[in-house]
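Colleague: Here are the chains, one letter per residue:
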Amino acid sequence: MERITVTNDLSFSRIVHGAWRLNDWNYTTEQTVSLIEHCIEQGITTFDHADIYGGYTCEELFGRAIQANPGLRKRMELVTKCGIVLESPNRPEHKSHHYNTSKEHIIRSVENSLSSLKTDYIDTLLIHRPDPMMNPEEVAEAFSELKDSGKVRTFGVSNFKRHQLNMLQSYLDDKLITNQVEVSAYELENIQDGTLDLCMEHRMPVMAWSPLAGGAVFSGNGEKAVRLRDTLTKVGAELGTEDISEVLYAWILKHPATIMPIVGSGKTARIDSAVRALGHKLSLDQWFEILHASMGHDVP
Amino acid sequence: MERITVTNDLSFSRIVHGAWRLNDWNYTTEQTVSLIEHCIEQGITTFDHADIYGGYTCEELFGRAIQANPGLRKRMELVTKCGIVLESPNRPEHKSHHYNTSKEHIIRSVENSLSSLKTDYIDTLLIHRPDPMMNPEEVAEAFSELKDSGKVRTFGVSNFKRHQLNMLQSYLDDKLITNQVEVSAYELENIQDGTLDLCMEHRMPVMAWSPLAGGAVFSGNGEKAVRLRDTLTKVGAELGTEDISEVLYAWILKHPATIMPIVGSGKTARIDSAVRALGHKLSLDQWFEILHASMGHDVP
Amino acid sequence: MERITVTNDLSFSRIVHGAWRLNDWNYTTEQTVSLIEHCIEQGITTFDHADIYGGYTCEELFGRAIQANPGLRKRMELVTKCGIVLESPNRPEHKSHHYNTSKEHIIRSVENSLSSLKTDYIDTLLIHRPDPMMNPEEVAEAFSELKDSGKVRTFGVSNFKRHQLNMLQSYLDDKLITNQVEVSAYELENIQDGTLDLCMEHRMPVMAWSPLAGGAVFSGNGEKAVRLRDTLTKVGAELGTEDISEVLYAWILKHPATIMPIVGSGKTARIDSAVRALGHKLSLDQWFEILHASMGHDVP
Chain A
1 MERITVTNDL
11 SFSRIVHGAW
21 RLNDWNYTTE
31 QTVSLIEHCI
41 EQGITTFDHA
51 DIYGGYTCEE
61 LFGRAIQANP
71 GLRKRMELVT
81 KCGIVLESPN
91 RPEHKSHHYN
101 TSKEHIIRSV
111 ENSLSSLKTD
121 YIDTLLIHRP
131 DPMMNPEEVA
141 EAFSELKDSG
151 KVRTFGVSNF
161 KRHQLNMLQS
171 YLDDKLITNQ
181 VEVSAYELEN
191 IQDGTLDLCM
201 EHRMPVMAWS
211 PLAGGAVFSG
221 NGEKAVRLRD
231 TLTKVGAELG
241 TEDISEVLYA
251 WILKHPATIM
261 PIVGSGKTAR
271 IDSAVRALGH
281 KLSLDQWFEI
291 LHASMGHDVP
Chain B
1 MERITVTNDL
11 SFSRIVHGAW
21 RLNDWNYTTE
31 QTVSLIEHCI
41 EQGITTFDHA
51 DIYGGYTCEE
61 LFGRAIQANP
71 GLRKRMELVT
81 KCGIVLESPN
91 RPEHKSHHYN
101 TSKEHIIRSV
111 ENSLSSLKTD
121 YIDTLLIHRP
131 DPMMNPEEVA
141 EAFSELKDSG
151 KVRTFGVSNF
161 KRHQLNMLQS
171 YLDDKLITNQ
181 VEVSAYELEN
191 IQDGTLDLCM
201 EHRMPVMAWS
211 PLAGGAVFSG
221 NGEKAVRLRD
231 TLTKVGAELG
241 TEDISEVLYA
251 WILKHPATIM
261 PIVGSGKTAR
271 IDSAVRALGH
281 KLSLDQWFEI
291 LHASMGHDVP
Chain C
1 MERITVTNDL
11 SFSRIVHGAW
21 RLNDWNYTTE
31 QTVSLIEHCI
41 EQGITTFDHA
51 DIYGGYTCEE
61 LFGRAIQANP
71 GLRKRMELVT
81 KCGIVLESPN
91 RPEHKSHHYN
101 TSKEHIIRSV
111 ENSLSSLKTD
121 YIDTLLIHRP
131 DPMMNPEEVA
141 EAFSELKDSG
151 KVRTFGVSNF
161 KRHQLNMLQS
171 YLDDKLITNQ
181 VEVSAYELEN
191 IQDGTLDLCM
201 EHRMPVMAWS
211 PLAGGAVFSG
221 NGEKAVRLRD
231 TLTKVGAELG
241 TEDISEVLYA
251 WILKHPATIM
261 PIVGSGKTAR
271 IDSAVRALGH
281 KLSLDQWFEI
291 LHASMGHDVP
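Residue numbers (the UniProt record's numbering), protein chains in the order written: chain A, 1 to 300; chain B, 1 to 300; chain C, 1 to 300.
Simulated from the structure, these hints should not be mistaken for lab results.
Heads up, a few of these hints could be off.
Copies of the same chain look alike in the list, so a pair counts if it fits in one copy or across any two.
[To be verified] Cross-link-like lysine to aspartate or glutamate pairs, in silico, EDC-like; alpha carbons within 20 Å at most:
id: 1; residue 1: 281; residue 2: 104
id: 2; residue 1: 95; residue 2: 298
id: 3; residue 1: 103; residue 2: 285
id: 4; residue 1: 161; residue 2: 201
Generate the whole structure from the sequences, applying the supplied hints.
Modeller: Right, dumping it as structure tokens:
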């Protein structure tokens, strides 16, 4: 599988696996190991986490798989996030839902992630959401300590708009290596508002969450969903597939911003569908036909 | 006529002639030559084209005038554009309406423009619209080849917002020399959203399309059109003219972004009206009175 | 009181006094002197003006206090603004409401301010509003002359968005030292649209006008006002105060952009309330609870 180089000694697989709903799948540790091994066999070596996924449980479940099969760790890149505070039985000290990007919170969050994931380093740590209370000097100090101690190799952000990314970057010694944002043929905001343009200006590859738009395209009855589904089905037929998720992935993969879609499924068939998308090459006609179906009108 | 310097060896006339509707005028080649000569006599030496104008016909019609009178070429600057793909009997290979800013398309489009315009160089090539699929590395390669071969002297963009312009510029060796956008007293978007501010930050003069708002001000019955027309008429009376198009041009010309209005008329009287506008100097009171009429309220 | 360093030899007090409504208070010169002395005793040494405040009267009223007690000048920093033109009996030459940021107007405005304020230097001059007709080269020339002559020590802007600030800065030799904008828990625009992010990127402290939202929170009956007032009251109780203005100031003061609230009151009790806010430390839970009450929903 194609790999995306982010630093001299770190690259991601073009398709990333997301552990967002790992807790929902009720897998045994053996099943989780199998899922991870299936991904790696397909070339998907990058796994995306966040401290809060599954109410602070998913890192732990994934970590048990690593513990059961320690050789896995060296064959993968681990991405995780911090900065959101949720009320949860697993974090009784949390009194309300808010953000916390203080130095203390970032470092504590990483310590928890390392412990849960049963690893001694994170490949990439992301600030999960732009925090209106973010003190960039504190973030810079936290990143610096975590890097110096070897606990985190690289840093990035998630859901940042241009001004937020430029502001934080100006306080950091190292380049932020990715911005993980929502992008799909259904959800065009980050394509249209300049977020992807800024990432390209910074030569920063993008990770896409909800690349399938969370199911809206598959089952939605709204005009936009129906219009887009019809067009995806038509283009799929031209490409020789009845699986419109392959077309949705292929649409993202063609974009010049070097987008790595995050596949958040526990089913090997759904994962293979994303991998197959790498083999489809949309024509410009097809790419714009899908864009037009999503927008409801042509480009000017 | 005032000239706007864009590089050491290229300048534009402050008023630009636009060949957008040349095909509609049904001129003989002799009439087109006369029109061009009239422009040049008035000091309008910069002519604006696009591959797609008139369904891919206007460059050809203009080129016949150059062919009939080859001395004209050295007395003018030719601007043309590429990047929009239209379905047209003149481009049977086009299967749908979309954008194409691939290296191959840009170079092929320029070859076509050179052939149609009967010239061996374009003074300025513009990317016609911001393309969500634009690969800036390919654009950079295309520009570089076209410049090295002498086929295009300088490059710019059209209808680009700030993030799009900054992104593309970051991949290019040479400065983009203009951004051609819609600007008029009626259509304030590019004044209000920071597009002109960015051009000023880059010391990049602006070309204005639809400087008369495509007739909306002259004949519109909407509140905004009536309000603006009344104010333009009043200011025109103060300046000693009954021609509100002169006031519309003068309003743009006073803006500090160094805006070159594109006059898209085939009638010498309309062209002369733009030239006369250079002689009007609006006061700040008058400039803001027109702005307020367009916005429907005062500045804060 | 905490001081905010803006250059090697200039700092502001964290709380700034605003003379916007000085004319409305109908103070004798003695009362104005008392007010100023009260501020200075509390550590508030920075006083914010504009040429237009009170219909071009407030600088004069303040200047009488300085004239009556010349020792005051050395104990304070004077900020004033220019660039708005208002019709007023005090400026019979003004024929309409508009902006004027020409070199001539800026310099004339400063001469008037110096004469009214009875001082021979302004610590900081701000361009009051982003002017769509601003010629940045003229502004740069005006600033340069005013600095060289010793009449103005530093320069800033007010109500500028990112593109306007970046554009003007690119023409200036010296850094703009502040952007004075509306910020409060009620009015979040400049927090949400990236204006404060850009100020942080430029390491530029911010002055906040209407930090109490002009009374909307205290007496408004709209859903937002009621919701915010209830939350401020609750948080106030947690902090041990019944004065929600202290909570509003504390909310701003906690923001990492280094915001200096401008207190526009002539009553010592209201001024002391702002000073007391410096002693309150909101928790992150409290800060976000107030944010959520203002937005009407949680952060994502």
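Colleague: Give a verdict on every hint.
Modeller: To see whether the hints hold, each was checked on the structure:
In the homo-oligomer, the alpha carbons of residue 281 and residue 104 lie at most 20 Å apart only across protomers (17 Å), although the nearest pairing inside one protomer, at 46 Å, exceeds that limit. For the homomeric pair residue 95 and residue 298, the shortest alpha-carbon distance between copies (14 Å) is at most 20 Å, but the shortest distance inside one copy (48 Å) is not. For a Cα distance limit of 20 Å, the shortest separation of residue 103 from residue 285 across copies, 17 Å, qualifies, whereas the shortest one inside one copy, 48 Å, does not. Both within a single protomer and between protomers do residue 161 and residue 201 lie at most 20 Å apart by alpha-carbon distance, with minima of 13 Å and 14 Å respectively.
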